[in-house]
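Peer 1: Heads up: the sequence shown begins at 1 in my numbering, then just goes up one per residue.
Think of the hints as simulated: they come from the structure by calculation, not from any bench.
Below 25 Å or equal to it, Euclidean Cα-Cα: the simulated DSS-like pairs (lysine-lysine) are:
(1) 195 - 149
(2) 246 - 170
(3) 60 - 155
Derived CB-CB ranges, DEER-like:
(4) 3 - 220: 53 to 59 Å
(5) 41 - 129: 29 to 35 Å
(6) 68 - 240: 29 to 35 Å
(7) 14 - 85: 35 to 41 Å
(8) 74 - 2: 33 to 39 Å
We treat Cβ as the ideally placed atom computed from N, Cα and C, and that holds for glycine.
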Amino acid sequence: MKIEDVVRNAFAMPLTSPSYPPGPYRFVNREYMIITYRTDPEALRRVVPEPLQFDEPLVKYEFIRMPDSTGFGDYTESGQVIPVTYEGVHGGYVHSMYLNDDAPIAGGREIWGFPKKLAEPSLTSVKDALVGTLDYGGQRVATATMGFKHRTLDKAKILESLMQPNFMLKIIPHVDCTPRICELVRYYLEDLTVKGAWEGPGALALFPHALAPVADLPVLEVKSAIHILSDLTLGLGEVVHDYLAK
1 MKIEDVVRNA FAMPLTSPSY PPGPYRFVNR EYMIITYRTD PEALRRVVPE PLQFDEPLVK
61 YEFIRMPDST GFGDYTESGQ VIPVTYEGVH GGYVHSMYLN DDAPIAGGRE IWGFPKKLAE
121 PSLTSVKDAL VGTLDYGGQR VATATMGFKH RTLDKAKILE SLMQPNFMLK IIPHVDCTPR
181 ICELVRYYLE DLTVKGAWEG PGALALFPHA LAPVADLPVL EVKSAIHILS DLTLGLGEVV
241 HDYLAK
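The whole structure should be built from the sequences, with the hints applied where relevant.
Peer 2: This is the structure we're talking about:
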């Protein structure tokens, strides 16, 4: 293979059989259960990177079912998003993500910098409850429950909240293990349709694990539990801060 062929074909690894196709990435019937809870502000200060800031010590613990996603297939995800501000604009900092499909793990990390790790999340309906679980290495890390569709929410307000910017740290090491890329990335969800949104009573339990430390942001009080069904496109990112720039 000639040098120009390498350059022309280089999109993702492996070169001759990329782990995922180029975007855009469309999600149909994407289902969320989001438990918002109050946590220890000192614990938040240890993990929220400048120049992001937070107003209240809140965390959104999310379970997401994605049965139909372009290029990524059918998978489930779970993790923590921290409400933050950047230059006075409210958004969410993606702190942790655990999922059960290689293509979105590779694509999410390499393109945007999503903090994705391989695990076993699930989101199911069990009689009158919506139930989310996360297992890592066969050990239970998180369990969330919510009353199934107790009250309908205003879809316009949910749409507005989903359209806020999201942030994450993209970290790519050099071959000598020094950081080659260390950037704060911002992205938006696009072409959003909220098909339904509900709230109900919710509960969340987090369990300590050395390699999936979601319990490091402890649950002090559950503030809300919502359930969303939507279609959307995952927009590509932009760099808003380069930590290595001189």
